[in-house]
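Student: If you want the building blocks of each chain, they are given just below.
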Amino acid sequence: MTAAPPLPTLLLIPTGIGCEQGGYAGDGLPAARLLAAASDCLITHPNVMNAASLYWSDRRIHYVEGWALDRFAAGSLALAPRPCQRIGVLLDAGIEPELVLRHRQVIEACRASLGLTIGPVRTTDVPLGVHLARGESGSSWGTIDHPDALLRAGEQLVAGGATAIAVVARFPDDTGSAALAAYRAGAGVDALAGAEAVISHLLVRHLGIPCAHAPALQPLPPDPDLDPRAAAEELGHTFLPCVLVGLSRAPDLRPEPAMGGQLLHGSALGAVVAPADALGGAAVLACAARGIPLITVANPCLLAVNATALELPVLPARSYAEAAGLVTALREGLNPELLSAGRPSDDGAWHPGLSPPPGDTQPHRPY
Amino acid sequence: MRPSSANTRSEHARVVTVSPLLPFCFWLPKPAHHRSGPPDLASLADGITDHLAGQGWPGAEPLRWAITAVDPVRGWRLEGVAVASGDQAVA
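Which chain is which? The protein sequence lines are A and B, in order.
Once you know that position 339 of the first sequence is 351 in our numbering, the rest is easy, because the numbers rise by one and skip nothing.
Once you know that position 67 of the second sequence is 132 in our numbering, the rest is easy, because the numbers rise by one and skip nothing.
In short, the hints are calculated from the structure, not lab data.
Please note that a few of the clues may not be correct.
Said to hold, decoys possible - Some, not all, of what chain A presents toward chain B, calculated at C-beta under 8 Å: (1) W153; (2) V210; (3) A294; (4) A301; (5) E349.
Quick reminder that beta carbons are idealized off the backbone N, C-alpha and C, glycines included.
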């Protein structure tokens, strides 16, 4: 018997909202690896994959920045996998010389030890001036004083042959703050994540190529009680290695309608997996509007924007392991409701995003 | 994808001008015709654009946003960051 074809699956763990799993330093990676094995084709974003000095490269996982991911989910961008990218590196002029040297040595190490194609490297003409903030919900966001300098340097990298961009901005050191202490203890929000997303969104929107961000920060004093989920960020001097590895095989971005046999289209998505209380983002809503099965995972965060609040039909899962089971069921053409305890299955209800079983004449209804 | 002249490999000097980044947070009432079901993505995007226009930023484009709360009376709370219009690259 041959294996079922891949089920392109979108994994979302939004940045900067304090998700218990995936809200720290690449701690969504185990879930991504499992879902990649279940689906054979997983599309996810840097917040899930980036673990500073740690990374995992898997050809079944497609590394797509959030701005592009929203448009992929909405069907306005296709993804074109490619064997490698030429990664340009954009350094903030606000980074101190010693930290710049650390980042340049990461670049050299990734060239020498991993064989990645990296260059050119450009520094912005003025410091970017990153500011961090919290929204009314408590989620992190931020802004920069000189977005024009960011985009100018990005353009220079593209002109120099870069097909993807790793951007390193100097972020404010927050040493000693209660928020940082809570994050390191495993009970807080990643204060940097929202501003990182704004920076990478700006670049992708402007240049139309894969981009991802690594913050430059001074090292923190050792903390014997450091939460394991935050530990990956304290292993080295920079957060850059995971970004370079992720971008090295990131798919190209193609405006729809795009033609080609190897392309991944949003219309081919077979499932989307998201935290049960963070369903209010553009990607989830776009997928839901198109009837793509939405698997929600119990993964507490700051928000309570759940299926009941938004009146969304969902397949609830108590863990990413259970979500992987549901993805496998969808991939194999099994009705996932039949495999979930406590869910009604005796009324013929059928998922609106799936083909009905042969002979089924009942109207499609939410599960 | 937003069309951008930035994809060209021109060797000419370029000047990029970008308007400010605009954080926003507001409650968008559910439309009168919205009886039930999930919010419509296009209506949310239009709501953000209208809100920013009302704040003096016509043509601003949401860059990153989400519904961060739902209230039966007030509607959907939308939080995010937008880019003001005028973002352009000129030779």
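Student: With reference to the structure, classify each hint as holding or not holding.
Tutor: To see whether the hints hold, each was checked on the structure:
1. W153: 6 Å, holds
2. V210: Check passed: Cβ of A/V210 comes within 5 Å of chain B, closer than 8 Å.
3. A294: With a closest approach of 6 Å, the A/A294 hint holds.
4. A301: 6 Å, holds
5. E349: Hint on A/E349: violated, closest Cβ of chain B at ~20 Å, above 8 Å.
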